[in-house]
Amino acid sequence: MTNPCIICVAITGSLPTKANNPAVPITVSEQVESTQEAFEAGATIVHAHVRNDDQSPSSDPEKFAALKEGIEKHCPGMIIQFSTGGRSGAGQTRGGMLPLSPDMASLSVGSNNFPTRVYENPPDLVDWLASEMLSYDVKPEIEAFDLSHILKAKDMADKGQLAGTPYIQFVMGVKNAMPVDRDVFDYYIHTVKRLFGDDAPWCAAGIGANQLKLNEWAIAAGGHARTGLEDNVRLDRDTLAPSNAALVRRAVEICDRNDRPVASWQEARRILGLRLPENASKGRAA
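Each residue of the sequence shown is one higher than the one before, counting from 153 in the numbering used here.
Worth flagging that the hints you see were computed from the coordinates, not collected in a lab. Note that the Cβ used here is the ideal one computed from N, Cα and C, for glycine as well. Some clues are possibly wrong.
[As the list claims (entries may be wrong)] Here are the computed lysine-lysine pairs in the DSBU-like style, where the Cα-Cα straight-line distance is at most 30 angstroms:
1) 170 <-> 365
2) 170 <-> 225
3) 170 <-> 215
4) 306 <-> 345
5) 365 <-> 345
6) 365 <-> 306
7) 345 <-> 311
8) 304 <-> 327
[To be verified] Across the chosen pairs, the derived CB separations fall in these ranges:
9) 310 <-> 387: 38 to 46 angstroms
10) 167 <-> 342: 29 to 37 angstroms
11) 204 <-> 289: 26 to 34 angstroms
12) 394 <-> 310: 43 to 51 angstroms
13) 265 <-> 315: 29 to 37 angstroms
14) 342 <-> 310: 30 to 38 angstroms
15) 365 <-> 167: 15 to 23 angstroms
16) 335 <-> 410: 14 to 22 angstroms
17) 170 <-> 365: 39 to 47 angstroms
18) 339 <-> 394: 29 to 37 angstroms
19) 303 <-> 276: 15 to 23 angstroms
Go ahead and model the full structure; you've got the sequences and the hints to work with.
What follows is the structure, given as structure tokens:
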């Protein structure tokens with residue numbers, strides 16, 4: 153039986169600017185265009201942030217609504233995942249876009265250190281975000297910056313705070329958080345399978361130059377992969393990535409080398425237990 157690999161493209165994030173790489177999409181129209189190119193290259197999840205005109209991060213629901221509308225029009229069937237991360241706002245403003253009912257949203261279930269600050273995810277906010285996701289039929293992607301976050305996801309699932317089998321993403325390579333460590337990576341996989349079953353889907357994201365390494369590890373190990381300009385703006389030390397699509401194509405090449413077919417949007421939705429969109433018939437074929 154084949155094991156299709158879901159490729160998630162994190163198109164913008166909160167930090168990279170055009171000074172870091174001119175290809176970073178900032179406006180909604182740039183984001184839609186970049187997402188369409190990445191979709192055509194093989195990505196089936198788009199992880200989305202929005203920005204203000206001055207490139208600073210935003211949590212404006214109107215911007216998220218415009219982005220969602222554009223992606224649904226130009227990338228029918230693609231899984232839309234909004235970020236509820238802490239760089240774009242504070243408190244419940246982080247979940248102000250959830251009533252738009254995207255397919256998915258990121259959910260960080262615990263706090264940890266970032267390069268220059270503490271990434272705060274207090275329990276009451278985590279509980280509120282999870283409840284909003286349940287209310288609006290949004291599947292959370294659990295962003296695990298630490299082993300305890302995987303265990304927390306299990307506790308929340310057992311309490312009915314998360315619907316279905318959680319989708320766990322290992323985030324490695326953030327300065328002051330979990331470094332890129334193969335033993336830890338392997339234990340993360342072991343923990344997900346022990347807690348949620350051998351067929352539980354998981355993904356991995358590496359920051360900066362570690363993006364390529366985590367793509368290789370995850371794809372070879374049977375997991376799913378995240379790439380994109382949010383996490384890494386380069387193809388190598390001397391070469392800026394010309395687009396999000398270029399990073400997706402690199403992940404596709406790794407899939408090919410590991411005999412992993414790239415998941416279509418239909419396969420990705422089946423693996424993650426997501427509903428089919430109303431415009432499903434117009435999407436890229438399985």
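Cross-check of the supplied hints:
no., hint, in the structure
1, 170 <-> 365, "holds, 25 angstroms"
2, 170 <-> 225, "holds, 26 angstroms"
3, 170 <-> 215, "holds, 19 angstroms"
4, 306 <-> 345, "holds, 11 angstroms"
5, 365 <-> 345, "holds, 22 angstroms"
6, 365 <-> 306, "holds, 27 angstroms"
7, 345 <-> 311, "holds, 19 angstroms"
8, 304 <-> 327, "holds, 22 angstroms"
9, 310 <-> 387: 38 to 46 angstroms, "holds, 42 angstroms"
10, 167 <-> 342: 29 to 37 angstroms, "holds, 31 angstroms"
11, 204 <-> 289: 26 to 34 angstroms, "holds, 29 angstroms"
12, 394 <-> 310: 43 to 51 angstroms, "holds, 45 angstroms"
13, 265 <-> 315: 29 to 37 angstroms, "holds, 30 angstroms"
14, 342 <-> 310: 30 to 38 angstroms, "violated, 19 angstroms"
15, 365 <-> 167: 15 to 23 angstroms, "holds, 20 angstroms"
16, 335 <-> 410: 14 to 22 angstroms, "holds, 21 angstroms"
17, 170 <-> 365: 39 to 47 angstroms, "violated, 26 angstroms"
18, 339 <-> 394: 29 to 37 angstroms, "holds, 36 angstroms"
19, 303 <-> 276: 15 to 23 angstroms, "holds, 19 angstroms"
The earlier numbered hints that this structure contradicts are 14, 17.
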